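Given only the sequences and the hints, what does the whole structure look like? Please build it.
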Amino acid sequence: MAQQRHSEPETALGPEDSMEYTERFVEFMRKFEKGYSDNRELLKRFKTYEKHMREIAELNRNNAHGASYGENELSDWTDEEFQKSLLPKSFYKTLREKATFIRTDPPKLERSMPPPPSFDWRTKNVISPVKAQGKCGSCWAFAATATVEAAWAIAHKEMRNLSEQTLLDCDLEDNACDGGDEDKAFRFIHRHGLAYAADLPYVAHRQNTCSITGKVTKIDVAYFLHPDEQSMIDWLVGFGPVNIGIAVTQDMRAYKGGVFTPSAEDCKTKVIGLHSLLITGYGTSESGEKYWIVKNSWGNTWGVEHGYIYFARGINACGIEAEPIGILA
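The sequence shown begins at 1 in UniProt numbering and counts up by one.
Since the hints were made in silico from the structure, they are not lab data.
Keep in mind it's a predicted model, so treat the numbers as computed, not measured.
Don't take each hint at face value.
With a Cα cut of at most 20 Å, we get these calculated DMTMM-like pairs of lysine to aspartate or glutamate [what the hints assert, rightly or not]:
| hint | residue 1 | residue 2 |
| --- | --- | --- |
| 1 | 270 | 38 |
| 2 | 124 | 234 |
| 3 | 290 | 220 |
| 4 | 131 | 55 |
| 5 | 84 | 251 |
| 6 | 47 | 20 |
| 7 | 256 | 97 |
| 8 | 256 | 105 |
| 9 | 135 | 81 |
Each pair of labels, with its calculated beta carbon distance range [said to hold, decoys possible]:
| hint | residue 1 | residue 2 | range |
| --- | --- | --- | --- |
| 10 | 37 | 287 | 44 to 50 Å |
| 11 | 104 | 38 | 15 to 21 Å |
| 12 | 122 | 37 | 34 to 40 Å |
| 13 | 60 | 115 | 32 to 38 Å |
| 14 | 41 | 161 | 19 to 25 Å |
| 15 | 158 | 287 | 36 to 42 Å |
| 16 | 109 | 201 | 34 to 40 Å |
| 17 | 26 | 112 | 56 to 62 Å |
| 18 | 211 | 101 | 21 to 27 Å |
| 19 | 201 | 78 | 24 to 30 Å |
| 20 | 108 | 203 | 37 to 43 Å |
| 21 | 26 | 78 | 15 to 21 Å |
All C-beta atoms in this analysis are idealised placements derived from N, C-alpha and C, irrespective of residue type, glycine included.
Have a look at this one:
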């Protein structure tokens, strides 16, 4: 990940810069093995980092959305770079209406007892480690792949590390780093399958050829679940993790802990893009806040528990309960 080295950062940043932020940035570079091509790039990244640290301090002072915030590997990304990793704001607006593969008749779970107060598929050893999509709007491919990995492990008792790059290179109905939707992605996986990550590793852009070799992993069917908390819990407990989309506010990039509870107003007026993720479980905080356990694709230095977020449950915060999808493999 590291690039060409430069002169000592303390010297390159200059005496006019805040010593506090200079020292923190030097430690940030060491911690995340950052390297920049020249001193101009170094200064740009320092200014970006300082801006984000000041924003994080303000978020924590205000207890924004009931969560805590801190630095992570994205802290030297510009706002423009971060926004490019998201989907355009209108992307999923009509997914349910335009879908041709995802069905609307999910099977019902027959249960004699109510669902448990908390549940987490990670404790069942069926969830793959969090991955990093990088500066590429491929969250749709990462969420779809994570959903397939979990569904396959649940159904076949076998963990597979599958290739998101399969979708970037070979699913030509979607647009690689410029976005895609789960309906087309799951149809492609149903027909053609996903390669193993070892056979087709992720490179964060569409390559010139589609090259699928070796074994592939396919799915049987995908369903839109009823857009409410109870239906999602029923699927989670009875069948497996749930693929979802959300509207992203700027502060989510620095999330570090707590139950993230964006206001209805912020979910309307402060959205910078859309994002696909995977719900692996649910729970309730000690103070009574209900949350979804959500697997992200921003690397394992982001969020809690190596790449997760606790997202408010039961209020459709930023659309998290609007278009849930479950699959069977």
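Hints, verified against the model:
no.: 1; hint: 270 <-> 38; result: violated, 34 Å
no.: 2; hint: 124 <-> 234; result: holds, 17 Å
no.: 3; hint: 290 <-> 220; result: violated, 32 Å
no.: 4; hint: 131 <-> 55; result: violated, 26 Å
no.: 5; hint: 84 <-> 251; result: holds, 16 Å
no.: 6; hint: 47 <-> 20; result: holds, 13 Å
no.: 7; hint: 256 <-> 97; result: violated, 35 Å
no.: 8; hint: 256 <-> 105; result: violated, 37 Å
no.: 9; hint: 135 <-> 81; result: holds, 6 Å
no.: 10; hint: 37 <-> 287: 44 to 50 Å; result: holds, 46 Å
no.: 11; hint: 104 <-> 38: 15 to 21 Å; result: violated, 54 Å
no.: 12; hint: 122 <-> 37: 34 to 40 Å; result: holds, 38 Å
no.: 13; hint: 60 <-> 115: 32 to 38 Å; result: holds, 34 Å
no.: 14; hint: 41 <-> 161: 19 to 25 Å; result: violated, 33 Å
no.: 15; hint: 158 <-> 287: 36 to 42 Å; result: holds, 39 Å
no.: 16; hint: 109 <-> 201: 34 to 40 Å; result: holds, 37 Å
no.: 17; hint: 26 <-> 112: 56 to 62 Å; result: holds, 59 Å
no.: 18; hint: 211 <-> 101: 21 to 27 Å; result: holds, 24 Å
no.: 19; hint: 201 <-> 78: 24 to 30 Å; result: holds, 26 Å
no.: 20; hint: 108 <-> 203: 37 to 43 Å; result: holds, 42 Å
no.: 21; hint: 26 <-> 78: 15 to 21 Å; result: holds, 20 Å
In this structure, the earlier hints numbered 1, 3, 4, 7, 8, 11 and 14 are contradicted, and the remaining ones agree with it.
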